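Undergrad: Dock chain G against the given chain D, drawing on the hints supplied.
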Amino acid sequence: MSTNIVECHQITKHYGKKKALDQFEIAIPSGRITGILGPNGCGKSTFFRMLTGLVRPDAGHIEVLGKAPSWQTNQDIAYLPDRARWYPNHTARAALEWGNSFLPGFSMERAIQLTDYMDIDLDAKVGGMSRGQEARIMLILCLARDVQMIVLDEPFTGIDVISRETIVASLIDYLEESEQSVLISTHDIQEVEGLFDYTVMMKEGRAIWTGSTENLRAEYGSLRDVFRKMYMKEWNK
Amino acid sequence: MDSAVFRNLVRHEFKGKGSWRKQSRSRISRSWWLAYCLIILIAAIGTMTYFAINEQLQINSIWFVTMGFPYMFFFWGYGSVKREWENDTYGWWLTMPYPRTKLITAKWLGIWLKLLIGIVIVFAVLSVYVLILSLVLPAYSLADVGSFMVAGVDWLTLVAGFSPLIIALGILISIVQNSSLRPISPVLWIVFMGGLSLIFQLPDVVISENMIQQGTEQIRAEWFPYAWELPMVMGISWILTYAVLKFSGYLLENKLEL
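Chains as they are written, first to last, in the numbering used here: chain D, 127 to 363; chain G, 9 to 266.
These aren't lab readings, by the way, just hints derived from the structure by calculation.
These numbers were taken from a predicted model, which means no experiment stands behind them.
Misleading hints may appear alongside valid ones.
To be verified - In silico EDC-like cross-links for lysine to aspartate or glutamate, where the CA-CA straight-line distance does not exceed 16 Å:
(1) K30/G x E94/G
(2) K251/D x D208/D
(3) K23/G x E223/D
(4) K263/G x D184/D
(5) K145/D x E330/D
(6) K329/D x D148/D
(7) K25/G x E223/D
(8) K145/D x E265/G
(9) K143/D x E265/G
(10) K144/D x E265/G
(11) K355/D x D314/D
(12) K144/D x D184/D
(13) K30/G x D96/G
(14) K110/G x E261/G
Unchecked claim - Selected chain D positions facing chain G (in silico; Cβ < 10 Å):
(15) S171
(16) T178
(17) G179
(18) V181
(19) G186
(20) W197
(21) N200
(22) I203
(23) P207
(24) P214
(25) W224
(26) F228
(27) L229
(28) L248
(29) K251
(30) V252
Backbone N, C-alpha and C define an ideal beta-carbon position, used for all residues, glycine too.
Only chain D is shown next, with the shape it has when bound in the complex (with noise of 0.2 Å):
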């Protein structure tokens, strides 16, 4: 059985004359927590939504927990998309039941447990939240998920500082008990520094540094000083 969760080999993506991922090669592990990290536009969430399934390479060679991504392999993954929204007509408890109804490994439990702790009202409709409460909701779709790698594609876009605060927070709580294989993708790097235990750094839709996240500050120095060393032009921006 393979070690890694995720292999790519020489993974190409176009969308129309832009290339979203070229050539891309990676490697990763499992049972780590593995920050995707790049600015926007390098490929991040196309290289998640293939992983789903939702987006299938041009070329090239993509396993995801040993198979070929699609919906059978959405089984055990926990997929937060990138800017995603709930239905607004839902209130919290509706959104759990709808994780409850249809997603395998759900425990309800442990989901009321979630909102207790990142206070959620459950009566509330989705509808009337603020952007931070509705992400913490998704988050908890994710979190409270029994299965084998969880997937967040930027959970912290949009979100205010408070409930970004709290994601992290419970993150961070939730993941340190945790034996899962998790992947995070962001372009802001400073509340999540110190979640991440294997990086990937991706750039114009290659991975330009993989490796564990020790090493990279090793080399490096802290991931901010990593950030401005080698995006240096969109740093600047």
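TA: Okay, now just chain G, sitting in the frame of chain D:
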């Protein structure tokens, strides 16, 4: 896939999940929207009642208010998929661990059930309205009500019978717009909209407007005034529906462009 999961999927699609676009409308504009609907409804009932009192209302022609149903059903199908994109919920929907053909079939079935309930309600409300007219106004008899209801059953059965395909085509065009086949969507719009107009060649057969013309022989609606080929065509449309849903599932599985 577990049949209980499929039932839950249909239930999920049956319920209104809301729209962020509509949500962003201000309260004032929403109440105005409601007010407009009420005004239109009152005006329609008032106008019909006025003509009925003056014995000028051909009651079977009331069914013409349902002439837009085929288009409405098409846009229900279209909107059900479009809303997933508008609401930014497509990522949740499409990464559910079930075959996408099943996801789309559940959506289709949810709409179809809503539509059937809607048709029954419309039929009941209009029948009751005409019954009241016949009880209050001497120009209309219970036989007229019977004829009105037969014409309604004929027309609405036709609409309901073809609605599975109409909804599926609405769903298909919405999926095509999010797939690599997007360039052909204008052609599909023209073909589907043109095709829908074919259904409007039938009401003249179904709804005889002259039934209460004074001084002439009454023309009563009859059960099943269609050609014998119609059930066959309807059967073919159901097979086509299956094919369209399968193809939609294939597009979602293999040709999605995000």
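Undergrad: Look at each hint and say if it fits the structure.
TA: Hints, one by one, checked against the model:
Proximity of K30/G to E94/G is assessed by CA-CA distance (about 10 Å); at most 16 Å being required, the pair is judged to hold. Taking the CA atoms of K251/D and D208/D, the gap is near 22 Å; set against the 16 Å cutoff, the hint is violated. A distance of roughly 14 Å separates the Cα atoms of K23/G and E223/D; the hinted pair therefore holds under the 16 Å criterion. The straight-line distance between the Cα atoms of K263/G and D184/D is roughly 11 Å, inside the 16 Å bound, and the hint therefore holds.
Straight-line distance between C-alpha atoms of K145/D and E330/D comes to about 8 Å, which keeps the hinted pair within the 16 Å bound. Distance check on the hinted pair: K329/D and D148/D sit about 10 Å apart at the alpha-carbon level, within 16 Å; holds. Distance check on the hinted pair: K25/G and E223/D sit about 14 Å apart at the alpha-carbon level, within 16 Å; holds. Between the alpha carbons of K145/D and E265/G the distance comes to roughly 14 Å, so the proposed pair stays at or under 16 Å and holds.
Using a Cα cut-off of 16 Å, the hinted pair K143/D and E265/G holds, with the two alpha carbons roughly 14 Å apart. Restraint check: the Cα-Cα separation between K144/D and E265/G comes to about 14 Å, which is no more than 16 Å; the hinted pair holds. With a C-alpha separation of about 15 Å, the suggested pairing of K355/D with D314/D holds against the 16 Å cut-off. Annotation: proposed proximity of K144/D to D184/D holds, straight-line Cα distance about 13 Å (limit 16 Å).
Distance check on the hinted pair: K30/G and D96/G sit about 14 Å apart at the alpha-carbon level, within 16 Å; holds. Distance hint between K110/G and E261/G is fulfilled; the C-alpha atoms sit about 11 Å from each other, no more than 16 Å. Among the interface hints, the one on S171/D holds; its C-beta lies about 9 Å from the nearest C-beta in chain G, closer than the 10 Å criterion. For T178/D, the suggested interface contact is upheld, since its CB lies about 5 Å from the closest CB of chain G, less than 10 Å.
A least Cβ separation of about 7 Å between G179/D and chain G falls short of the 10 Å threshold, and the interface hint therefore holds. The restraint placing V181/D at the interface with chain G holds, with a minimum CB-CB distance near 6 Å, inside the 10 Å limit. Look at G186/D: its Cβ only gets to about 16 Å from chain G, farther than 10 Å, so that hint breaks. Of the supplied interface hints, the one on W197/D holds, with its beta-carbon coming within about 5 Å of a beta-carbon of chain G, less than 10 Å.
Because the closest C-beta pair between N200/D and chain G is about 4 Å apart, less than 10 Å, the hint holds. A distance limit of 10 Å between C-beta atoms decides the matter here; for I203/D the minimum to chain G is near 8 Å, and the interface restraint holds. Taken as an interface hint, P207/D checks out: its beta carbon lies about 3 Å from the nearest beta carbon of chain G, inside 10 Å. Of the supplied interface hints, the one on P214/D holds, with its beta-carbon coming within about 4 Å of a beta-carbon of chain G, less than 10 Å.
Against a cut-off of 10 Å between C-beta atoms, the interface hint on W224/D holds, since the closest Cβ of chain G lies about 7 Å away. Proximity of F228/D to chain G holds as hinted, the smallest CB-CB distance being about 5 Å (cut-off 10 Å). For L229/D, the shortest C-beta to C-beta distance to chain G is roughly 8 Å, which falls under 10 Å, so the interface hint holds. With a least beta-carbon distance of about 18 Å to chain G, the hint placing L248/D at the interface is violated under the 10 Å criterion.
The closest approach between the C-beta of K251/D and any C-beta of chain G is roughly 9 Å, which is under the 10 Å cut-off, so the hint is satisfied. Given hint, V252/D at the interface with chain G, holds; its Cβ is 8 Å from that chain's nearest Cβ, closer than 10 Å.
When held up to the earlier numbered hints, the structure conflicts with 2, 19 and 28 and fits the remainder.
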